[in-house]
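With the hints as a guide, dock the two chains, each given alone in a separate frame, to form the complex.
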Amino acid sequence: DALLGCHRSYRSRPTHGIGKFKYLLPKEVPKRRKEKVQMKEISEGTEYQYGDINIQMTSYDLCLVEHFAQYVHRLCNRLSIQVNESYAMPTKTNEVLFLEERGSKMQLDAVLTTHQRVVQIRGLSSTFAPILLEIIQSNQPEGVHLLMKQHTEADFKSRLKSRPELEELLAEMS
Amino acid sequence: IELEKSHYSDHEMRKLEEEEQLKKKKESLYDEDEARGKTVIMAQDLEEKWEQKFLRFKAAPRITDADKSNDRTSLSRKLDSNLMLLVKQKIGNQELWLLPQVEWQPGETLRSTAERAMATFLGDHIQAKVLGNAPYGIYKYKFPRAIRTENNVGAKVFFFKAYLQSSDLSQAELKADYLWVTKKELGDYLKSEYLKKVNRFLLD
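First to last, the protein sequences are chains A and B.
Residues in the first sequence are numbered consecutively from 256, following the numbering used here.
Residues in the second sequence are numbered consecutively from 262, following the numbering used here.
Bear in mind the hints are in silico, worked out from the structure with no lab data behind them.
Worth double-checking, as some hints may not be accurate.
What the hints assert, rightly or not - As a list, the in silico DSS-like pairs of lysine-lysine whose alpha-carbon atoms are at most 30 Å apart: (1) B:276 / A:347; (2) B:319 / A:360; (3) B:284 / B:314; (4) A:404 / B:390; (5) B:314 / A:347; (6) B:310 / A:360; (7) B:319 / A:347; (8) A:347 / B:310; (9) B:314 / A:360.
Okay, chain B solo, but in the shape it has when bound (with noise of 0.2 Å):
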């Protein structure tokens, strides 16, 4: 990155001094005598070595095997993009994709049940992180007119948000279908409206 006004570093520097005696040993010989002083290894040979095992060492693949058979269920596709949890979840009558969702139980702090919807997902030892006892968006929506009643017309869902600690999830037992999308693929999934809120708070 920064590449203007840098000074030679030690290594810089004794590479140009063994090329200017080299050079003079070939234009004159009785520098032999003088160099007695000189090093075994020639900052040269330590280049070459290093260059060759920059050669031998190989990075891990970007792009896994996960990313080209488009297996949505793996924690290992889409490395440089954040993936969210979907799970099918039956509300009412219709079974849809939604983020992970259970039901407030009062006199429960809102983080408590999101951590306990993430338990009831992912099995009890998880190493996911809630941040802050804030939620993150909101949706509020109204049941259809079969189920109104006087009290009850529509329900709010809080999200929050959580990190993952570790990408060790064999442990997991997931009863329903699950799958690790990201934000563009969201919309194949969820629901228009549901899908709006939701946009808003998440990052790519």
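Pulled out of the complex, with its shape left as it was, chain A reads as follows (with noise of 0.2 Å):
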């Protein structure tokens, strides 16, 4: 029968281990949590390239700001520009209480929601930039607005959040 048939591969065979593969795989490093990003900037003489440039881009409607930092994302891998990261910022909530003082006094809520998506690039040529500017200008959905920044350390250390308690045992330490 079937079940009588099967050789199961035991330890003191020598078929033991025959379906082993993972020891052909390339080894993967285990990838360490902290990222201590420090890029440095290229501008030389004649030729110049932006270092690290954000892209910011802000609104009160979330589906347009996602759409267009995709059609961003997307127009810098065609025209070949290495993009470093995509990321998006907290969002910021803000509450708008009108106050009516017209017959009973009612405070009408409307609660806004502020979105932030940054788009980083790295090595743009100064020829090709300010096409790229208007580029992205001409195609700006209405109510969004656009910035175009350096990357600076400020920038990268407000995606962190700060930790208190590990604030106070070192300065008990120290």
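Shown next as structure tokens:
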């Protein structure tokens, strides 16, 4: 029968470990959590190249901002500009209260959320930069604010959260 | 834009719950005692209020007066496409429609020449921004035989692009005739060779 016919590869048999394949794959170094990123800028003499540039898009409308960020990212891919990262900043909520003085005092609340998307670009040549800016500007949807600025440490740190307990302990230690 | 796979928002959930509560009330009467903590304002009322507000709101018209009168000297026509400034200038003997042009002085960068051209035609305090130091296009032409000397055979014109930040040109003292035209209308005014070179770098 089929049950009696199967050969289990036991440890003493020569066929032990016949199905193993993981030793053939390339070794993966386990990822470290902390990212200490400090990129250098290149601005040579005649050949101007900007270092890291952040394109920040802010708006109240989530769909528009996301789609526009996707569009910018794909545009950079097609124009073979290196994109480091494209991330989102935390959303800010604003509560708008209308105080109507006519008749009964009513408070109409409106909750507005501001969304931000950032696309980080590297290696933009200065002859090409104004063209890119123009293309992006002319294709801006309504209600989306565009901001292009150079990447600084402060920008990088604004994404990280501060840990008050860690800071307290460090202060106690020193 | 995103219509698929979207969850119900808070407002919609509230509306659904209140509809169910209303239904229950109609069917059976003992819910009145339980639902003492009911809200004063129903979600349905809020929606109606918002709809009324929306109907009262009127968006600014896209086709402005200047479009109807086809007044080409004002900036508020053709709001969805880019407008270029054309000025009538005298070069040699002819008076031509050109993009604002100024001779380059040696020792000046090309970009500052462009900014000077803007200053001469639009007044001193313009909020126009030139992006980058590189020109967008060039146009070479040779002078007619009468003016040609040993050194000066012709001239090269470099084009720069600048963005107007604000549409407030009331202070501008434009002595010559000026027009704000779109890319398609350029063909009415410019010469063909010049036009070909200029068209290459203009986006619409």
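Hints numbered earlier in the text: which of these fail when held up against the supplied structure? When the structure is compared with the hints, none of them turns out to be violated.
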